[in-house]
Amino acid sequence: MKTPKSLIRILSFSVLSLLSAWTAGCRSGKSSVTLAGSTAFQPFAEKLAERYMLIHPEIGVTVQGGGSAVGIQSALSGAADIGMADLVRLPAEAAELQPVTVAKDGIVIVVHPSNPLSGLTLDQIRGLFNGTIRNWKELGGSDAAVTVVSREAGSGTRTSFEQIVGGFSLTGDAIIQDSNGTIRETVANDASAVGYLSHGLLNEKIKALQVDGVDCTVEAIQAGRYSLVRPIFLLTRGAPTGAAAAFIEYVRSPDAQKVIGESGLIPAIQ
Amino acid sequence: MIRIGEKTVRRLLMAAAFSAIGGLLLIALFIFKEGLSFFIETGFRRFLFSDVWDPQSGRFGIFPMLVASLWVTLGAMTLGAPLGVSVAIFLVEFVPRSVMRVVKPTIELLAGIPSVVYGFIGVMVLAPFIRSSFGGPGLSLLAASFILGVMILPTIISISVDAITAVPASYREGSFALGATRWQTVRMVVLKAARSGIIASVILGMGRAVGETMAVIMVAGNAVKIPHSPLDSVRTLTANIALEMGYATGRHREALFATGIVLFVVIMILNTAAGVMVRKRVSGKRG
Amino acid sequence: MPVKFSIQRLSTYYGSVQALRSLSMDVAPNRILGIIGPAGSGKTSFLRTLNRLNDLLPDFRAEGRVLLDGVDINGPDTDPVLLRRRVGMVFAMPVPLPMSIYENLVYGPKLTGIRDYQRLGEIVEKSLRAAFLWDEVKDRLNLPALRLSGGQQQRLCLARTLALSPEVILLDEPSSGLDPISTARIEEALAELKSAYTIILVTNNTKQASRVADETAFFLMGELIEIGPTEKIFTAPKDRRTEDYVTGRFG
Amino acid sequence: MRLPPRLTQAFVVSLLGLATAATLVILVFVIVFILRKGLPAIDSEFLFTKPQDMGRAGGILPTLVASVILPLIAVAIAAPLGISTAVYLTEYTRESRVTRMIRFGADCLAGIPSILFGLFGFIFFVTILRMGWSLLSGGLTLALMILPTIIRTTEEAIRAVPNAYREVSTSLGATRFRTTAKVVLPNALPGIVTGIMLGVGRSIGETAAVIFTAGSSLRMPASIFDSSRTMSVHFYILAREGLSSEMAYGTAAVLILSVLAVNLVAYGLMNRFIRRRS
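Chains as they are written, first to last, in the working numbering: chain F, 36 to 305; chain W, 75 to 361; chain S, 6 to 256; chain Z, 18 to 295.
The shape of chain F in the complex, shown without the other chains (with noise of 0.2 angstroms):
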């Protein structure tokens, strides 16, 4: 009676040396084109990969996430076709690589519901932020300690958000958390929490505060009155070509940019 453990070692010892055989093995007959970076921007890419292939079957398009880091990396080393960052500037490595702006994005300071406050000026964000203004009431709210909720070092709305409010380093003991979802999260959760986020997870748990007296809206950000925006940018090795350019070209086209407008993003395009 052969024991168990012995079949299982055959079954896998023959499998692993059909995945070694096939490792060098052809990819796929079509062509395909790869993205990769900002997990920001990977849903909206998907979305847009998924209409794209209705109408080119031919050509497979898949989304990777892992951050715009990667996005770049990626895109160096050929690992993928097309780089995905959401950083207002882009790190010294990304010189060889052509930046497409393909969305917008506007980032809204949101707080509690329970939250009285309704607007801040920039010197009063820039005040929260850098741990002046420690208690809500400074700023004519409840008298509770300011919990300040931030991104992480490095993340595309972070660096955005700090270089076009400008002046300052953020407090100590700010909250960091990693993703836009976990923000909104910790901001629902504590009532004297203030953070940023994209305008696109707005929700009924937390409340959105004009900027200068600016209601974050597509056509504040469009006619430039809102000044939290960054720029996606799609990025190419050199000139985009073949089916990599192709792709470009349909997110750049009216279609393409009125998906984006409708799931959350600002259109680069009108």
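Be a bit skeptical, because a hint or two may be false.
Claimed, not checked - Straight-line alpha carbon distances no greater than 30 angstroms define the calculated DSBU-like cross-link-like pairs of lysine-lysine that follow:
#1 W/Lys299 <-> F/Lys242
#2 S/Lys115 <-> W/Lys81
#3 Z/Lys54 <-> F/Lys172
#4 F/Lys172 <-> W/Lys299
#5 S/Lys199 <-> S/Lys237
#6 Z/Lys67 <-> F/Lys293
#7 Z/Lys67 <-> F/Lys242
#8 Z/Lys54 <-> F/Lys242
No lab work stands behind these hints: they were computed from the structure.
Keeping the supplied structure of chain F fixed, place chains W, S and Z upon it in accordance with the hints.
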């Protein structure tokens, strides 16, 4: 039955052993290669003992995170290890075998739940509870320790259960025959016989706690500060690596790998300490 | 006088500790050799050297020669696996493998490549009858072996060794911890088996040796003090130390 | 003041019972939390169709498929390697400084954060070996991640098998390999299955390492060379990018129920195997 030559079997097993160990070595080398150049440039002292971590301005100090990692691991172990071993003892010694056979797979279910889910439960349930009943931001050292303590339970429980069930029945019968109660038998005979398995479960559980990334990020608050109370928000070495790796390039990325090296050394120290401590306490019981 | 085992200046070491001190003796085939002596006199170590079971111990070393039918068992051309099929062993404490009675019995034969169900059945019956266990278990062979009583387990271990149809059977204090009836059963079986096998019985129960053994050897502190026909050893031992031990003055 | 043994026994047993109750309460709370939020989203469409609109609608079929294939690849590689290593370390070599060092190395690597395994996989499998983002790269990376646990649990299980069994098997003319295959491993099976189940649990629940290696493409994987998103990664992206918490918890609920099913089946099989033997 054809007799597979002893020599071929030994060679096959040796090949498998070395490929496994080779793979693991590859990872250790990968971490050291990426991180070592950073140490050569900036040296150990400033990196380990300065408490300012600001990659944008090129200042890399991980002392607060080192302290936080030790506190979080200690917190997780003080909850997870005793609770885990107690549950394992209770399940094997004081509960009918049929009940144990159902409870153990369900407890192991805890191991299959993604750490992200634990993270969200922490943010939505645990943090508000800590904030309301103890004060502070809620996302804190205490929350991280509690969540990690729960996450390592399946590892500690299932491996300890196996270690304890492996103790031959004759050991227990010998002790009963001398008039010992069930608990005296467990304390003086069973635990000592199952000691190496229990040590392995504690060490693997601690490994899981130290290596956990996603859940810790979501509940610890990640402020780069030396914690003075369990209610302070903290950032562990692991959280720091995971938080910024997606966006780190150049020296910032090397600094994160250097953090990986420090973490590897911390794990080695914790493993040896845990091994010695458990060995002393379990054998010390013979008293 | 034909010789089965010829042991020449055999010394064994566990790391730095010496167990046997340059021991020489001949073992005649188809007879029962009893080995008596106080605990720690090297009796078991000697037995485990004959089927090279001591090889499992990492720091074990043997010097001198042990010839089985004229061939040195520690020599390069002796395959320990084949040796153990010719030299079976029954341990002091009965250790049934955690399988059914049937699987315990066919474990050895299957290793030699016997697959035929019919033939295995015959071997099982023959060995159980030889160990006087057949009638008690013949209709519950699929029962897990651990369910048997102590005496039955010891006879199962004897049957399991017989199933290998070895040439030599080594018994390491087979009746320690057994009731008198089971002990008698084992001794009956051995007397029966003498004609077909060479048997070496290690026992610290001198009466058992006197009852069953043809020749008896007396071990003390790793040395062979005296060996000879059982009646002579028990009535007129040459060496005073043998006399002291046999008459129960020490040991 | 030494309590009479009877009393300490009662006191300690109630303490241990309390600990078990607390653990079970936490377990039930976590499961109820997820199922309460997730069950409403589950219906046949949710289970058998592709995700639409960034995962805010449609089903999670591709992630179901990936969540089955990925742990299978990881265990198919890590189990034989891990068990063979453990057998080699316990049965075929003498306890020496080298074996102790290997064991210590495995313990330390069990503590390495999964993000570093993910990065290693990304650079080594995805980029250098040009496997790209694929279930294969993910499977290999996860295999390396769960290898230390499988090696250690298998070793402990093998060491727990009484030496007497090895001696009896050897004395009946079995080679070392036969003894290991026929007596040692079958008796160490419970420990080995525990190690493998912990490995499966970890690889199903893993997110960080998987995103960098198996990727997070929403398309149905046609072969192990295609990138695909497991249920955990799907929950990770839906919940953290704030796309849809209903769908996120629906995915988590399906994940929990499948992990529970896998655990119960594995233990059922193992217990049947053991009951048949001893």
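**OP:** Provide an ascending list of the numbers of those earlier hints which the structure does not satisfy.
**Re:** 3, 7
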